[in-house]
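There are 2 protein chains.
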Amino acid sequence: MAQDLKDTFWKRLDNVTAGLLSTDSERPVPMAPQADRGENAIWFITAAGSAADRASQSGGEARFDVADPKAGLYAVIEGKLDHGSGDKLDDVWNAFAAAWLKDGRDDDSVRLVKMTPHKAEVWATENSASFLWEVAKSNLTDATPEGGEHGRLAF
Amino acid sequence: MAQDLKDTFWKRLDNVTAGLLSTDSERPVPMAPQADRGENAIWFITAAGSAADRASQSGGEARFDVADPKAGLYAVIEGKLDHGSGDKLDDVWNAFAAAWLKDGRDDDSVRLVKMTPHKAEVWATENSASFLWEVAKSNLTDATPEGGEHGRLAF
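Line by line, the protein sequences give chains A and B.
Going by my numbering, 145 is the number at position 145 of the first sequence; the sequence numbering is gapless.
Going by my numbering, 82 is the number at position 82 of the second sequence; the sequence numbering is gapless.
Next comes chain A alone, as it looks inside the complex (with noise of 0.2 Å):
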């Protein structure tokens, strides 16, 4: 069962526009994941200066928040930042910023962040409000949520 929610975690994760990422002592701001499966990581672009950039010099702990109804995935990730290298400020601009970053790859501000997550609670859904008042029951009773799965994953 946690394999099957950490799959359908990585594939919704996918089709999220933007989700909430609150560092250290900071205010959550949004922000667009590209999610890469491959290196357990959730990379950002972003501007030098911003809270994100400043953390990810420091390795501070982060929590990415997603509550996106279309791609039916709300989720509270924890994890660690890094920033990124230059190679792969490339591959994830490719893939990714080129198609909405009108000022060029080599705007002296781009900045990448890396996310490991180590944890999350993740609750997938194409029906939100029925299922998300079938956990909040679930509480009470025995009874399995219907409409979505709900857990805690370890990375």
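Errors might be hidden in some of the hints.
Heads up, the list lumps identical chains together, so a pair's fine if it works in one copy or across two of them.
[As the list claims (entries may be wrong)] Taking lysine-lysine pairs in the BS3-like style, the calculated list, with each CA pair at most 30 Å apart, reads:
hint: 1; residue 1: Lys-6; residue 2: Lys-102
hint: 2; residue 1: Lys-102; residue 2: Lys-119
hint: 3; residue 1: Lys-70; residue 2: Lys-6
hint: 4; residue 1: Lys-102; residue 2: Lys-70
hint: 5; residue 1: Lys-11; residue 2: Lys-70
hint: 6; residue 1: Lys-119; residue 2: Lys-70
hint: 7; residue 1: Lys-80; residue 2: Lys-70
Don't read these hints as lab results, they were simulated from the structure.
All values derive from a computational prediction rather than experimental measurement.
Since the structure of chain A is already known, use the hints to place chain B on it.
Chain B alone, transformed into the frame defined by chain A:
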């Protein structure tokens, strides 16, 4: 501008299926909001004994995070929780919950929670990734981000 952003915020919140509600000392949980600008409230239906229900009994502070690309709304909303009364539960039930709750209105585990926001940071955009990049970059320059609105609201 703040008034325009407040209009946008309430209108778009109406289209948000679910976000993450965090109560004091509890983990975030996805919850389906019902926006109610007339009462300056966001209503939630939950089950007796859930974190939201318990926090509402003690008038606790809460944060509701929205990250819904389809609704074009990202927001970090801070406010106070209270429990809702029976009459209001009927209204919210009819407008909202009857569509997705299979169990009846008289299910004795149904609880109504009222969040009264006092402030929020809001990003409203249909063009998430590029706008969020512009916001990140605008911290470094005096440029106004294109493709959306970003600001802080007081209620």
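Identical-chain pair category, Lys-6 with Lys-102, by Cα at 30 Å: Between copies only: 29 Å across, 34 Å inside.
Intra- versus inter-copy proximity for Lys-119 and Lys-102 (alpha-carbon distance at most 30 Å): Neither, since 34 Å and 33 Å both go past 30 Å.
Intra- versus inter-copy proximity for Lys-70 and Lys-119 (alpha-carbon distance at most 30 Å): both (23 Å within a copy, 27 Å between copies)
Within, between, both or neither, where Lys-70 and Lys-6 count as close if Cα-Cα is 30 Å or less: This pair counts as both: shortest intra-copy Cα distance 19 Å, inter-copy 24 Å.
Homomeric proximity label, Lys-102 with Lys-70: Cα distance no greater than 30 Å: For Lys-102 and Lys-70, the Cα distance is within 30 Å both inside one copy (26 Å) and across copies (22 Å).
Within, between, both or neither: Lys-11, Lys-70 at alpha-carbon 30 Å: For Lys-11 and Lys-70, both the intra-copy (13 Å) and inter-copy (18 Å) Cα distances are at most 30 Å.
Within, between, both or neither, where Lys-80 and Lys-70 count as close if Cα-Cα is 30 Å or less: both (27 Å within a copy, 28 Å between copies)
Going through the hint list in order, the structure does not satisfy hint 2, though it satisfies all others.
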